[in-house]
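There are 4 protein chains.
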Amino acid sequence: MYNFRTDLASERRDIYKQASKEKGEIDGIESEKQEIDENIKVEKVIITNENGEKAIGKPKGNYITIDVKNLKIAQEDEINKASEVLSTELKKILDSHIDKQGEVLVVGLGNIYVTPDSLGPKVINEIDVTRHIINYLPQYVEEGTRMVSAIAPGVLGTTGIETVEILKGIVDNIHPKLVIVIDALASRSIERISSTVQLSDTGIVPGAGVGNTRSEISIKTLGIPVVAIGIPTVVETAVLVNDSLDLFIEKLQDEAKSNDYLNRLREEDNYEEIKEALIPKDYNLIVTPKEIDSLIENMKEIVSRGINGSL
Amino acid sequence: MYNFRTDLASERRDIYKQASKEKGEIDGIESEKQEIDENIKVEKVIITNENGEKAIGKPKGNYITIDVKNLKIAQEDEINKASEVLSTELKKILDSHIDKQGEVLVVGLGNIYVTPDSLGPKVINEIDVTRHIINYLPQYVEEGTRMVSAIAPGVLGTTGIETVEILKGIVDNIHPKLVIVIDALASRSIERISSTVQLSDTGIVPGAGVGNTRSEISIKTLGIPVVAIGIPTVVETAVLVNDSLDLFIEKLQDEAKSNDYLNRLREEDNYEEIKEALIPKDYNLIVTPKEIDSLIENMKEIVSRGINGSL
Amino acid sequence: MYNFRTDLASERRDIYKQASKEKGEIDGIESEKQEIDENIKVEKVIITNENGEKAIGKPKGNYITIDVKNLKIAQEDEINKASEVLSTELKKILDSHIDKQGEVLVVGLGNIYVTPDSLGPKVINEIDVTRHIINYLPQYVEEGTRMVSAIAPGVLGTTGIETVEILKGIVDNIHPKLVIVIDALASRSIERISSTVQLSDTGIVPGAGVGNTRSEISIKTLGIPVVAIGIPTVVETAVLVNDSLDLFIEKLQDEAKSNDYLNRLREEDNYEEIKEALIPKDYNLIVTPKEIDSLIENMKEIVSRGINGSL
Amino acid sequence: MYNFRTDLASERRDIYKQASKEKGEIDGIESEKQEIDENIKVEKVIITNENGEKAIGKPKGNYITIDVKNLKIAQEDEINKASEVLSTELKKILDSHIDKQGEVLVVGLGNIYVTPDSLGPKVINEIDVTRHIINYLPQYVEEGTRMVSAIAPGVLGTTGIETVEILKGIVDNIHPKLVIVIDALASRSIERISSTVQLSDTGIVPGAGVGNTRSEISIKTLGIPVVAIGIPTVVETAVLVNDSLDLFIEKLQDEAKSNDYLNRLREEDNYEEIKEALIPKDYNLIVTPKEIDSLIENMKEIVSRGINGSL
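Residue numbers (our numbering), protein chains in the order written: chain A, 1 to 311; chain B, 1001 to 1311; chain C, 2001 to 2311; chain D, 3001 to 3311.
Same shape as in the complex, but just chain A (with noise of 0.2 Å):
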């Protein structure tokens, strides 16, 4: 399969376009955009068959796409019109797996103590969780409201365990319908980070993106549907400097200084050979943006309102 090193389909649709020179819609791909407004846009990839799920290596499902534009100085309207756009878009994806009390875990994938890596546990700080009321006090919660719990698990650095193995564990033992997943993921393009978030219905597998593959977490392992909220927090320098590349090519061309030499290196990928050029001098490192502690804040907001919203 091709390298696309970003988790997010609608990038990976645009790469396989790009690189495959199709003009058209891919067979087992379908989507559609639309615009909130002039700072949240949202995509919709369906993946509807095996020629989409091969294409551009993802299973199955729905992969909804939110940007939102300038979230570093983001106010209090904007984080509450984007964690609207989550809700309702989540609510629709849990209606359709299962029914309005069906009981749901939360897991906050991800590292407290690593700036990019703390949105998962501190989102699930904020989750209302109601489990244990329904179970000890009954009588101080609506009859029909949903039990909710929510866990952050740690990573395997930090635990020794896999967060498949943990998560079965408890799955198994507190039988929730649904698992809903927030990630951390990586993304090709350094504007987007924690600043977008992708939905999908497919599950997840940690760390995916930066190349550090494990065990997936989804249906085929927890035996539940798992729902996966993913957040581009981190972009690898190859990728940065491979997609600049491709910017700064694109202005020499424009301003007439092409070559056959500069067409060819644009047109390949050179994501391998631009590793290989910096890693002997320690240079290809996972970066994040200066403003990543307030990104981080922002997002935190809008993901943990939006999952409250759709519970």
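Since the hints were made in silico from the structure, they are not lab data. A few of these clues could be false.
As a list, the in silico DSS-like pairs of lysine-lysine whose alpha-carbon atoms are at most 25 Å apart [stated by the list, open to error]: (1) B/Lys-1069 with C/Lys-2275; (2) D/Lys-3275 with A/Lys-251; (3) D/Lys-3251 with A/Lys-251; (4) B/Lys-1081 with D/Lys-3081; (5) B/Lys-1072 with C/Lys-2275; (6) C/Lys-2275 with B/Lys-1251; (7) D/Lys-3275 with A/Lys-69; (8) A/Lys-275 with D/Lys-3251; (9) A/Lys-275 with D/Lys-3069; (10) C/Lys-2251 with B/Lys-1275; (11) B/Lys-1275 with C/Lys-2069; (12) C/Lys-2275 with B/Lys-1275; (13) B/Lys-1041 with B/Lys-1069; (14) C/Lys-2081 with A/Lys-81; (15) C/Lys-2072 with B/Lys-1275; (16) C/Lys-2251 with B/Lys-1251; (17) A/Lys-275 with D/Lys-3072; (18) D/Lys-3081 with D/Lys-3069; (19) A/Lys-72 with D/Lys-3275; (20) A/Lys-275 with D/Lys-3275.
Let chain A serve as the given structure and place chains B, C and D on it in line with the hints.
For chains B, C and D alone, coordinates are given in the frame of chain A:
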């Protein structure tokens, strides 16, 4: 059972002796004191039979209290010495339950966002876990290295799930041979806050000390031995006032101001009545010293180095 | 002077009245209560002459206390209402001292690393400063915008410099017309911790309430008016015990257990004697409620919105 | 002047030599390298005359660069060694400007709430200040102890006040003999982020490296010598891409894919053009490595121990 309002076996033993006017040792309770240096004291209380169990309301087993004086201004040296004492005692307990390679799961209870309750999760971040390295990169560890994993499961109010439910699921899935649980305790005396460690091999009931009894974490519920490392971090105002009142009346009597009524006041336990007097005024808060941040920071070092040294 | 052990003028007035058996108003002290809603109460104490000054040991001026009940579980609405009340009262005080465009320097006292002492620096981070924009990018602000700057100077133990020395230097260099100081206070009652705001136009003495008197921050030392926003965040154990003792004895007497000795105990102030009884046992700590993290977080919102709204 | 896009004198010297095709030393610039061990390297660059000043755009004086390899996984030992190196070099500089008892003010620039910018304030919290003890409790310090004070003045965006205005006020009020300033720098190479310390005795211009030039902090503005401890913590995407591009083209040429056009591309500095290509796409962010939290934590230890050891 008497309401001891402390989770420390040595404090309970003292209270029982005072209340029952016992002069010598209680049948079923053995104890032994040791002074490591002018700042560190160790006391072992062993409950050997049912009479001892009944007397102080704790199951048969070993209870080791390590007191570190002036922890809030402790320097590197003192912290190291305290962690070595903990390490030595913990190693003895581990060796009496599992062999040198027996897999251990370390569990840090508490809420990272509530300073006096954040010790457990903070210690987990410092534990040298080996389970994933032994599983995936065995060439990087010496043969015979013990498998260690670690988890901070969160608190009922945030997760909606009983801690024991989470742990039961994980233990059944990854099969450690022993669990070490780090927990915040209630103590009778505010000067013990975050400067005492109690080590026991009988498991724990989360939150037992402060009135919100929840399911026990022990060999009964998990099926494997549970070693508990408990650290007092909070005290209830009514307890504080009750004990302060004793000190105050004692002083009045020393000054020959005594009278029958005061005498009786002091001999009685006035906790319930003080509590009743304070509650209508919203006075019976759980309190913690102003310096709790640095106390927790220093205690984190002692406990994490103590555990790492023993494993 | 009587040792009030509280920085709140309204508490001092009550203590003075009780001690002096005054029934009506004290000469030189006027006061007025207002109930905003069931959770928010406002009380104004005005010291009008030297007799009032002497009675409660505070300089002539206005002292406004805003009490917010149940702040630790306060929702967005309640926080907004409280900040509006603060805003309105603060605006009145500002208008009586400087004109609409008079430059203001906001100062947040305290130590960011000590949770109960971190309110000041946390508020500073939320203040809408305009001074640099007016100086460098005047086209981005409306004409007539007030110059606002803000600083968190740290504490003597960390800086080695008296706060007033730092502020004097800055004030002499940038020439604001008025200073607003946010400071942690001592209160008599633990239920007031981080749920009361005292506004005054007489400046402050940092740390006055808890025994470590340091140089005053006021028009005398800075040469411009100093408005103080004080929030109780800690309480001394001896104070807590003394007041709890009164509640306890009152309860004993209600139950007809009274006797002369108890009567006298209650009428006297036993603070000094309780303190003497507690100190040898390391019992006289400064304490704070277990929930101090979320109390500070909510109070930060109230104070920062209150200030921003008034400027 | 050439746009070096780095604050490190040693990087500027290299860039100048490459650009000017100088082989030997530049007139007015002396330098000397030293390898402390396999992980720590020290390089001294001394600018001795105006020609040197012009060549690399830095004032006459001493610039000492300490590089610590693999800081993000550095252990206690390595951190200690690095702090000793810093301490030794800093002591030499201090001794050349003030006597053993000359009062020092340590200033930590930066914003505690922005991880890559939080080093300065974090170091300040660890400085052993003595000024207040010498002033109020002289019996507790040895005679001849140097007066040390410390302050974290915040950043222009939060305070609205130029840092130099704040410092000028304090220096004029408390009269130290020398200022040590800790500052975040821009570097050319991402692998230097938070693993290099530059020591200089020529003061600094806050934010100079990343384009937002503000008033200088130096003997000119404060009237006393200013020693700067600068640590690169961020890098601009255009710089990263420009330098990565060189590495990439070099690799292409090694593989005999060279051609005239690439040759020229490499020899030229393409920063401005890359920047122009990236800006319209919101691509020219300031970035920092994913591991910035632990890098800052380790660097805090090195710098604070280094300063404390020298004072």
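Against the structure, the hints come out as follows:
1. Proximity of B/Lys-1069 to C/Lys-2275 is assessed by CA-CA distance (about 21 Å); at most 25 Å being required, the pair is judged to hold.
2. Between D/Lys-3275 and A/Lys-251 the alpha-carbon distance is near 11 Å, which keeps this suggested pair within the 25 Å criterion.
3. A hinted pair counts as satisfied when its Cα atoms are at most 25 Å apart, and D/Lys-3251 with A/Lys-251 qualifies at roughly 22 Å.
4. As the CA atoms of B/Lys-1081 and D/Lys-3081 are separated by approximately 23 Å, the hinted pair is consistent with the 25 Å bound.
5. Using a Cα cut-off of 25 Å, the hinted pair B/Lys-1072 and C/Lys-2275 holds, with the two alpha carbons roughly 21 Å apart.
6. Note on C/Lys-2275 and B/Lys-1251: the hinted pairing holds, with a Cα-Cα distance of about 11 Å set against a maximum of 25 Å.
7. Only pairs whose Cα atoms come within 25 Å are accepted, and D/Lys-3275 paired with A/Lys-69 is accepted, the gap being roughly 21 Å.
8. At roughly 11 Å between alpha-carbon atoms, A/Lys-275 and D/Lys-3251 fall within 25 Å of each other, so this suggested pair holds.
9. Among the hinted pairs, A/Lys-275 with D/Lys-3069 is consistent with the structure: their alpha-carbon atoms are about 21 Å apart, no more than 25 Å.
10. As the CA atoms of C/Lys-2251 and B/Lys-1275 are separated by approximately 11 Å, the hinted pair is consistent with the 25 Å bound.
11. About 21 Å separates the Cα atoms of B/Lys-1275 and C/Lys-2069, which keeps this hinted pair within 25 Å; it holds.
12. For the suggested pair C/Lys-2275 and B/Lys-1275, the alpha carbons sit about 21 Å apart, so the restraint of at most 25 Å is met.
13. Restraint check for B/Lys-1041 and B/Lys-1069: satisfied, since their Cα atoms lie roughly 9 Å apart, inside the 25 Å limit.
14. For a cut-off of 25 Å, the pair hint linking C/Lys-2081 to A/Lys-81 stands: about 23 Å separates their Cα positions.
15. The suggested pairing of C/Lys-2072 with B/Lys-1275 holds, with an alpha-carbon distance near 21 Å, which does not exceed 25 Å.
16. About 22 Å separates the Cα atoms of C/Lys-2251 and B/Lys-1251, which keeps this hinted pair within 25 Å; it holds.
17. Only pairs whose Cα atoms come within 25 Å are accepted, and A/Lys-275 paired with D/Lys-3072 is accepted, the gap being roughly 21 Å.
18. About 12 Å separates the Cα atoms of D/Lys-3081 and D/Lys-3069, which keeps this hinted pair within 25 Å; it holds.
19. This hinted pair checks out: A/Lys-72 and D/Lys-3275 have alpha carbons roughly 21 Å apart, not beyond 25 Å.
20. For the hint linking A/Lys-275 to D/Lys-3275, the alpha-carbon distance of about 21 Å falls within 25 Å, and the restraint holds.
Of the numbered hints given earlier, the model fails none.
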